[in-house]
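**Student:** Sequence:
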Amino acid sequence: MDLVYTQTSQYEYSDIYEYPTPKLRITQESATPMTVIAEYLPTDHRYQLGTLDVALLLNVLNERGINTAQLLKSTGLETLDWLNPQCQITYSDKLVLFGKVNQMLANDGLGITLGEFAKFSHFGVLGYAILCSQSVEEAVRTGFKYLRLNGPVFAVKVTIEGEIAAICIKNTLDIGELLPFCT
Numbered sequence: 399m400d401l402v403y404t405q406t407s408q409y410e411y412s413d414i415y416e417y418p419t420p421k422l423r424i425t426q427e428s429a430t431p432m433t434v435i436a437e438y439l440p441t442d443h444r445y446q447l448g449t450l451d452v453a454l455l456l457n458v459l460n461e462r463g464i465n466t467a468q469l470l471k472s473t474g475l476e477t478l479d480w481l482n483p484q485c486q487i488t489y490s491d492k493l494v495l496f497g498k499v500n501q502m503l504a505n506d507g508l509g510i511t512l513g514e515f516a517k518f519s520h521f522g523v524l525g526y527a528i529l530c531s532q533s534v535e536e537a538v539r540t541g542f543k544y545l546r547l548n549g550p551v552f553a554v555k556v557t558i559e560g561e562i563a564a565i566c567i568k569n570t571l572d573i574g575e576l577l578p579f580c581t
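Everything in the sequence shown is counted per the numbering used here, starting at 399 for the first residue and increasing by one.
Worth flagging that the hints you see were computed from the coordinates, not collected in a lab. Errors might be hidden in some of the hints.
Said to hold, decoys possible - List time: in silico SDA-like cross-link candidates among lysine to any residue, alpha-carbon distance up to 20 Å:
no. : residue 1 : residue 2
1   : 555       : 567
2   : 471       : 482
3   : 517       : 502
4   : 543       : 568
5   : 517       : 538
6   : 543       : 437
7   : 517       : 460
Stated by the list, open to error - Restraint-style ranges between C-beta atoms, simulated for each label pair:
no. : residue 1 : residue 2 : range
8   : 433       : 465       : 46 to 52 Å
9   : 509       : 483       : 19 to 25 Å
10  : 462       : 562       : 41 to 47 Å
11  : 524       : 467       : 27 to 33 Å
12  : 536       : 505       : 34 to 40 Å
13  : 461       : 544       : 28 to 34 Å
14  : 481       : 506       : 22 to 28 Å
15  : 467       : 536       : 38 to 44 Å
16  : 468       : 433       : 49 to 55 Å
17  : 529       : 509       : 20 to 26 Å
18  : 509       : 437       : 36 to 42 Å
19  : 507       : 485       : 22 to 28 Å
It should be emphasised that the depicted structure is a prediction, and the values quoted were computed from it without experimental measurement. Glycine included, every Cβ here is placed at the ideal spot set by N, Cα and C.
Please build the complete structure, drawing on both the sequences and the hints.
**Tutor:** If you want it as structure tokens, here you go:
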């Protein structure tokens, strides 16, 4: 199955990238009308989100010798119980934290490092449900039904026609240099 990723945004992105198996073609063209299998609309910036990604970030920062208690205090999140997997914070609070880290470690490649350490377990039980899905389509449906990751930043629609699936992402909120943390 070909997977087509379509992005509409005010930001510039490269036009086409090709990846082997499964083939992933990324374009900026509008997706043709297809059957919608999943859709994700932006949420309010005050919507409560889990902190498993924050825990990953803070663990990596701790390993680098950064005082995360001081970091959390400087962002007004000193009471955040980030070691508790049930902890939740707003999308706005996450952006404040990611913004502070981005200022501290500009051009450090932290996103790449976090990606290397990220596991499906960082999505909790849902990560395992996605991992155990019988097909990519089932995994996408499950993820879109239960994950609330993009907050107010993106509207996402996944469509399918025959053997071609398309992911259309529309950027709905300008967050500047923090956009890479959200994609």
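**Student:** Now tell me, hint by hint, if it's right for this structure.
**Tutor:** How the hints compare with the structure:
1. 555 - 567: The given pair, whose Cα atoms are some 7 Å apart, holds under the 20 Å limit.
2. 471 - 482: holds (18 Å)
3. 517 - 502: violated (25 Å)
4. 543 - 568: holds (18 Å)
5. 517 - 538: Holds, because 17 Å separates the two Cα atoms, which is no more than 20 Å.
6. 543 - 437: Distance ~8 Å between residue 543 and residue 437 Cα, so the pair holds.
7. 517 - 460: holds (18 Å)
8. 433 - 465: 46 to 52 Å: Distance hint for residue 433, residue 465 holds at roughly 50 Å.
9. 509 - 483: 19 to 25 Å: holds (22 Å)
10. 462 - 562: 41 to 47 Å: With a Cβ separation near 42 Å, residue 462 and residue 562 satisfy 41 to 47 Å, so the hint holds.
11. 524 - 467: 27 to 33 Å: For residue 467 against residue 524, whose Cβ atoms are near 29 Å apart, the range 27 to 33 Å holds.
12. 536 - 505: 34 to 40 Å: holds (39 Å)
13. 461 - 544: 28 to 34 Å: holds (30 Å)
14. 481 - 506: 22 to 28 Å: holds (24 Å)
15. 467 - 536: 38 to 44 Å: Given a distance of about 41 Å, which is inside 38 to 44 Å, the answer is holds.
16. 468 - 433: 49 to 55 Å: Distance hint for residue 468, residue 433 holds at roughly 50 Å.
17. 529 - 509: 20 to 26 Å: holds (22 Å)
18. 509 - 437: 36 to 42 Å: Because 26 Å falls outside the window, the suggested range is violated.
19. 507 - 485: 22 to 28 Å: holds (27 Å)
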